[in-house]
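Convert by adding 104 to the 1-based position in the sequence shown; the result is the number in our numbering.
Because the hints were derived from the structure by calculation, they are not lab data. Careful, some of the hints might be misleading.
What the hints assert, rightly or not - Within a straight-line C-alpha distance of at most 25 Å, the following computed BS3-like cross-link-like pairs (lysine-lysine) qualify:
no.	residue 1	residue 2
1	LYS829	LYS778
2	LYS747	LYS682
3	LYS634	LYS682
Keep in mind the model is a prediction, meaning the values are calculated, not measured.
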Amino acid sequence: MAERPDDNGEDTLLKRAAQYTKAPKVSHKVLTKQEREEILKEHRLKQAQAERLESTSTSGPIGRAWRKLQSSPDKVSLAMALVALGVVYGDIGTSPLYTMQTFLYGRGGMANTTDGSVIGMLSLVFWSMTLVTTVEYVLICMRADNHGEGGILALYSRLRRYGKWLAVPAMIGGAAFLADSVLTPAMSISSAVEGLTTLPGLERLFEENSGLTEMIALVILVCVFAVQSRGTESIGRVFGSIVLVWFLFIGVVGLVNMSNDWSVLRALNPVHGVAFLFSGQNVAGIALMGTVFLSITGAEALYSDMGHVGRGNIYLTWPFVNLSLVLCYFGQGAWIMDHAGDAAYMKSVPNPFFAMMTPGVRGVAVVLSVVAGIIASQALISGAFTIVSEATGLNWMPHMQVRYPSRTRGQLYIPMINAVLCVSTVSVLLIFHDSEHIAAAYGLALTVTMIMTSVLVTVYLWHLRSRFAAVLFAIVFPSIMVMFFIASMAKFLHGGWFTMMLMLAILGVMYTWDQGTMLERAQRRHMSPKECLPVLQRLHEDATVPYYSDNIVYLTSDQEMCRFDTDIFFSIFANHPKRARAWWAVSVETADEPFTREYSVETFGTDYVFRVRMRLGFKVSQSIPAYLHQIMHDLLRSGELPKQTTHYPKVDADPEIGPIRYVLIHKELMPESKVSSGGAMALRVKYAIRHVAGSPIKWFGLAPYDPVTEVQPLFLSTVRPPRLKRIM
Numbered sequence: 105m106a107e108r109p110d111d112n113g114e115d116t117l118l119k120r121a122a123q124y125t126k127a128p129k130v131s132h133k134v135l136t137k138q139e140r141e142e143i144l145k146e147h148r149l150k151q152a153q154a155e156r157l158e159s160t161s162t163s164g165p166i167g168r169a170w171r172k173l174q175s176s177p178d179k180v181s182l183a184m185a186l187v188a189l190g191v192v193y194g195d196i197g198t199s200p201l202y203t204m205q206t207f208l209y210g211r212g213g214m215a216n217t218t219d220g221s222v223i224g225m226l227s228l229v230f231w232s233m234t235l236v237t238t239v240e241y242v243l244i245c246m247r248a249d250n251h252g253e254g255g256i257l258a259l260y261s262r263l264r265r266y267g268k269w270l271a272v273p274a275m276i277g278g279a280a281f282l283a284d285s286v287l288t289p290a291m292s293i294s295s296a297v298e299g300l301t302t303l304p305g306l307e308r309l310f311e312e313n314s315g316l317t318e319m320i321a322l323v324i325l326v327c328v329f330a331v332q333s334r335g336t337e338s339i340g341r342v343f344g345s346i347v348l349v350w351f352l353f354i355g356v357v358g359l360v361n362m363s364n365d366w367s368v369l370r371a372l373n374p375v376h377g378v379a380f381l382f383s384g385q386n387v388a389g390i391a392l393m394g395t396v397f398l399s400i401t402g403a404e405a406l407y408s409d410m411g412h413v414g415r416g417n418i419y420l421t422w423p424f425v426n427l428s429l430v431l432c433y434f435g436q437g438a439w440i441m442d443h444a445g446d447a448a449y450m451k452s453v454p455n456p457f458f459a460m461m462t463p464g465v466r467g468v469a470v471v472l473s474v475v476a477g478i479i480a481s482q483a484l485i486s487g488a489f490t491i492v493s494e495a496t497g498l499n500w501m502p503h504m505q506v507r508y509p510s511r512t513r514g515q516l517y518i519p520m521i522n523a524v525l526c527v528s529t530v531s532v533l534l535i536f537h538d539s540e541h542i543a544a545a546y547g548l549a550l551t552v553t554m555i556m557t558s559v560l561v562t563v564y565l566w567h568l569r570s571r572f573a574a575v576l577f578a579i580v581f582p583s584i585m586v587m588f589f590i591a592s593m594a595k596f597l598h599g600g601w602f603t604m605m606l607m608l609a610i611l612g613v614m615y616t617w618d619q620g621t622m623l624e625r626a627q628r629r630h631m632s633p634k635e636c637l638p639v640l641q642r643l644h645e646d647a648t649v650p651y652y653s654d655n656i657v658y659l660t661s662d663q664e665m666c667r668f669d670t671d672i673f674f675s676i677f678a679n680h681p682k683r684a685r686a687w688w689a690v691s692v693e694t695a696d697e698p699f700t701r702e703y704s705v706e707t708f709g710t711d712y713v714f715r716v717r718m719r720l721g722f723k724v725s726q727s728i729p730a731y732l733h734q735i736m737h738d739l740l741r742s743g744e745l746p747k748q749t750t751h752y753p754k755v756d757a758d759p760e761i762g763p764i765r766y767v768l769i770h771k772e773l774m775p776e777s778k779v780s781s782g783g784a785m786a787l788r789v790k791y792a793i794r795h796v797a798g799s800p801i802k803w804f805g806l807a808p809y810d811p812v813t814e815v816q817p818l819f820l821s822t823v824r825p826p827r828l829k830r831i832m
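Let the hints inform the model, and build the full structure from the sequences given.
Written out as structure tokens, the structure is:
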């Protein structure tokens, strides 16, 4: 594009073009005012904590131990402990709403319930919580972290070097956890809303309108998903105070009812639980453990959300949560034993949680339980965001737009996943209608996740801790979880089939994306500078080929700076060569710090080939055009980029930089490719998912610049057809 003298009218128009386009530009400031305020606020908070730590610490052993704790990954703070209550314990905190009621349904009502059966059930619940939640998850699994992150996929990321087969339990467990994330909000909120039917003043209203509870639950569910974009930190602080009140409430109510019959404390003896499980009084057989499992369904969410709130804050809050849950369960058991013969409960199955309260207290319980149900949903939703983010990092799911509403990178929000979860959860409620029927599908997927987590923790202990501990762990905990799984399978035809279908669908997405990615990588090639620069120089200097654009920008996922992607190389030369004043290969790396803005450039000793890598903090908007313009201006001032001048208005309203054309490359499977039918199916499914998941064009702010999306053939190896025979 040849230069010519400026015309005054055109020059004036070019200078005024910015007021018409309003294109984003990079400020001269390194941080925005809001970012500076946030950093200053965080600095003051850390300084205050350090001063408080110094003032409260003594020079004795207690003071030294306290300082050591606060400088370790197990550090605690009252503020984050409150967030932990709001984010982590919602699921397990609502289990008392339906566990004992489900037990009564399985017994056929109060008339068939004996003191021995209640003591046996309470014993199984208490020891399941102790062994699985406290010992396995809190004391063992939470030590198997990956740089502070918990969850099955974070653990797999740390262990995958010990065997390719570990991808199987990790993938199955991740898919099962996401399936459970769909069911938990529907189960928790519907069971809480159904508490409204126990209020004396509202009983007639709900009897005349049978679908009213379902409608209220639907409205609450939609509202829960609508506020996810605000982030779990702000939500957690609000919910944390309420959850604190919730656990205090259920603990006190349970203790009051226990005072009527202290004999329930016999359930602390595990012999009663084992004896009842294998006795003739247990009409449900091993399926009873499926009901017991409802009391520990939040254990995996507790592990997955560890990165959100910190391990130390979970250690600080779990004893209080555990005590409150035990008191509540034992209080319900005492109420059942005291009212087993009441004629009022012979025709219907009461919910012991609400029934053990006076009508006045029951109203408060209903309100708190609805809010607790919302919090239970939050725990699984935030855990689902974490799992999807980790699966994306493993290339098991497509890259989607991720937002970080809070100052902590572990607290994230994925709009696409939020929408899918919302639609799926609403569908569950519309299919099953109430908590009684959802309970048939609930918990089955989570037993699968817990089994797979136990397998990975065994591998972790074997390689990184003690082999004796690994063997002991493998004997005890996977055996318990397999028993829970067998018990949950008894509900397969009553709703468990839905959970398994959902889990298999998610597993199919993860597997096909992984297989498709491996096939693509098998054909990916890179070129060294000495291989590609001579022909690029020839094209750059060939005046017989018109310019495609002054600047051609390719987005690449390759972070290596010293090589050139062959896909970019052949895009430049495919069909009609794309001649340019400068070719750019740009990659974006998300940094662990919130406000990082850095870039590096490799020119390969030329002034026409530029390899750019940007490092942007997870809170920084990824506006690639604005940042690329800044980089171009920096290179113009340093003399590394030759002067470019444009004489006509363009969208970016920058007369000092020539026109820019953005190019994105997508791969497609060609009929000539020699690939198995399974591989071909995996690639087709992957490309279909990629189309639904969205394009990087939107994430990187390229839409106003009319980017080009090119499709290149994916040749793994090609089939060579036989020669043609010429007919004379």
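With a cut-off of 25 Å on the C-alpha distance, tell me whether LYS829 and LYS778 pass.
-> Distance ~24 Å between LYS829 and LYS778 Cα, so the pair holds.
Sort out whether LYS682 lies within 25 Å of LYS634, counting only the CA atoms.
-> Given pair LYS634, LYS682 holds - Cα atoms ~20 Å apart, limit 25 Å.
25 Å limit on alpha-carbon distance, applied to hinted pair LYS747 and LYS682 | holds (20 Å)
The structure shown violates none of the earlier numbered hints.
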